[in-house]
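Colleague: The residues making up each chain are set out below.
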Amino acid sequence: MPLPPRDFNTIGPKEGQRFPDVSLSDQTGALVDLHEHRAGRPALVVFYRSAEW
Amino acid sequence: MNGVALFAISYDPVEILRGFAATHGITYPLLSDDGSHAMHGLGLINDRVQEDHAVYGIKPNPRHVNLPYPGVFVLDRDGVITQKRFYESYRERDTGTGLIAQALGIVTESSAPVVATNGPVVTARAWLDSPTYVFFQRVVLTVEVSIAPGFHVYGEPAGDGLTPLSIEIDAIDGLEVGPARWPSPRRFTQPGFTDGLWVHEGIVRGTVPLTFAAAPGGGDHAVGVTVRYQACDDASCVVPSSMHLRVPVREAALVGRSLPSPTSKT
Chain A
1 MPLPPRDFNT
11 IGPKEGQRFP
21 DVSLSDQTGA
31 LVDLHEHRAG
41 RPALVVFYRS
51 AEW
Chain B
54 MNGVALFAIS
64 YDPVEILRGF
74 AATHGITYPL
84 LSDDGSHAMH
94 GLGLINDRVQ
104 EDHAVYGIKP
114 NPRHVNLPYP
124 GVFVLDRDGV
134 ITQKRFYESY
144 RERDTGTGLI
154 AQALGIVTES
164 SAPVVATNGP
174 VVTARAWLDS
184 PTYVFFQRVV
194 LTVEVSIAPG
204 FHVYGEPAGD
214 GLTPLSIEID
224 AIDGLEVGPA
234 RWPSPRRFTQ
244 PGFTDGLWVH
254 EGIVRGTVPL
264 TFAAAPGGGD
274 HAVGVTVRYQ
284 ACDDASCVVP
294 SSMHLRVPVR
304 EAALVGRSLP
314 SPTSKT
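Going down the list, the sequences are from chains A and B.
For the first sequence, the working numbering assigns the number 1 to the initial residue and increments by one for each residue that follows.
For the second sequence, the working numbering assigns the number 54 to the initial residue and increments by one for each residue that follows.
For reference, chain B alone in the conformation it holds in the complex (with noise of 0.2 Å):
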């Protein structure tokens, strides 16, 4: 991986990750923390496994012990924190083209298909940090609002009778639509208003997590994304309008490992 260093950490011992390595080809370090100590030291043992495993109705086992809580550090060139994605479950996670994207510091595009669109004074485009997902996968669905100068769209809190800009995801079977995370808007006055109004101008980027929960077998979607906003310039404003995207994501296939199921002796 180009200019980012690798890291895997888990408690199996070395033989197990030689095979591992070698039947998936990684070259980048699977360290072997055998007996979890580093994990203990750096404090991310999950002590609540077996708690969590009743709850999904999971026979304890000698296996559960001593495991870490999923997740990743995102460290900088000098080592330090910059980020830390951890999960309650082991089914979440992010994509790789996110991480990595964090990690260097970017915004990526990804090698995700764009899809554009235009409304009245705006235009949109919208795309998925992965061209593919895979079951229980968080996958970031970026829309991308380009405003014509001397406009703005609202933004919330709306006034009344105002549309800010919103998404709306279509209802897809087992797919999760996280909270949309949009810049703060800008404060801006207008005569008539005396509380002031909350704006975006110029190009504005929100953001969606999805993930899609649906068991594996879900297959390819075309994901439907309703873009809401009104946009006004000093004078007037054009009526609420709408813009809709379909951004296509492929479902990968698993590769070499089961799932875990209630029912695996596992």
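Pulled out of the complex, with its shape left as it was, chain A reads as follows (with noise of 0.2 Å):
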């Protein structure tokens, strides 16, 4: 029995809305503003489940 479907427009920041800053380190380490690495590009945001399983 499936579960009823989410309504994604209420979950995580809104279209029409700036993305939040976030900093967090990369796979080297390094710390990652995001709008600071954009630089003025659009940009692709994936969450996703895991890199390990």
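To be clear, the hints were calculated from the coordinates, so they are not data collected in a lab.
Heads up, none of these hints are tricks.
Here are the in silico distance ranges between beta carbons for each label pair: (1) B:Pro236 with A:Arg18: 27 to 33 Å; (2) A:Pro13 with B:Ser289: 52 to 58 Å; (3) B:Arg239 with A:Gln17: 29 to 35 Å; (4) B:Arg130 with A:Asp7: 24 to 30 Å; (5) B:Gly272 with A:Asp33: 41 to 47 Å.
Idealized CB from N, CA, C, for every residue including glycine.
Join the two chains, each given in its own frame, into one complex according to the hints.
Modeller: The following block contains the structure:
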């Protein structure tokens, strides 16, 4: 029995908003500020389960 | 990637990401949200994972907490979210080409083959947003219909006895066909039709999402597409017609990842 679908409009930042500031370590351990690293370029921000499993 | 920044965020620690990036030659930032604090802050955590997994018969696992919904944000040059594509399941996702096209605000014909055919008064071209598919990937089919000047074809809702422009996909085992989307038709008034009619003119592009949901190993396909329409000018109509196109798509191998299964320890 499948679960009822989510309304993804209510989950996370919304279209039309600026994506929040995020600073996280990359695979080399360097801290990456998402907007700074974008440097004025459009971007795709992908959320995924895990690189491990 | 030219002109588009790409970021991938997961809860993996840096060491895991380092290994993954080295194995797959990834140079864009794989960001480590170890502890899922950023994903919590963004409100993207799926707090129903255990519930979902129970539905699929997957046993509870300590790794299955603090997981985000899988999805993609498309940001413009100012960092504003222009599109948000999230999915219930980790198995569904858009093609890379499709997402890049959205980020850049362009209509791509991608590197996939374009097929074309002619019918009375109308020509059609069709292509997928990727030349290949992988298991459970969503591939978007675009059908471009060019209507001769002075003619129109009927849109929805079509009046009694009229054939609206439509796309039908031939059945393929495991192929899930989403709803076709067309631009809004134009209202067209004609003596004798008091309610008016809805028509398309010129060049019209319709899209249909396709998901190849059969098990891996489904193989290459030619996706059969039937385009039905009825073309008229101000004076008379051509009989309802159809065109058939066959759009090739190859199955791409899943690289370096094993699919989770209900029996695996994860």
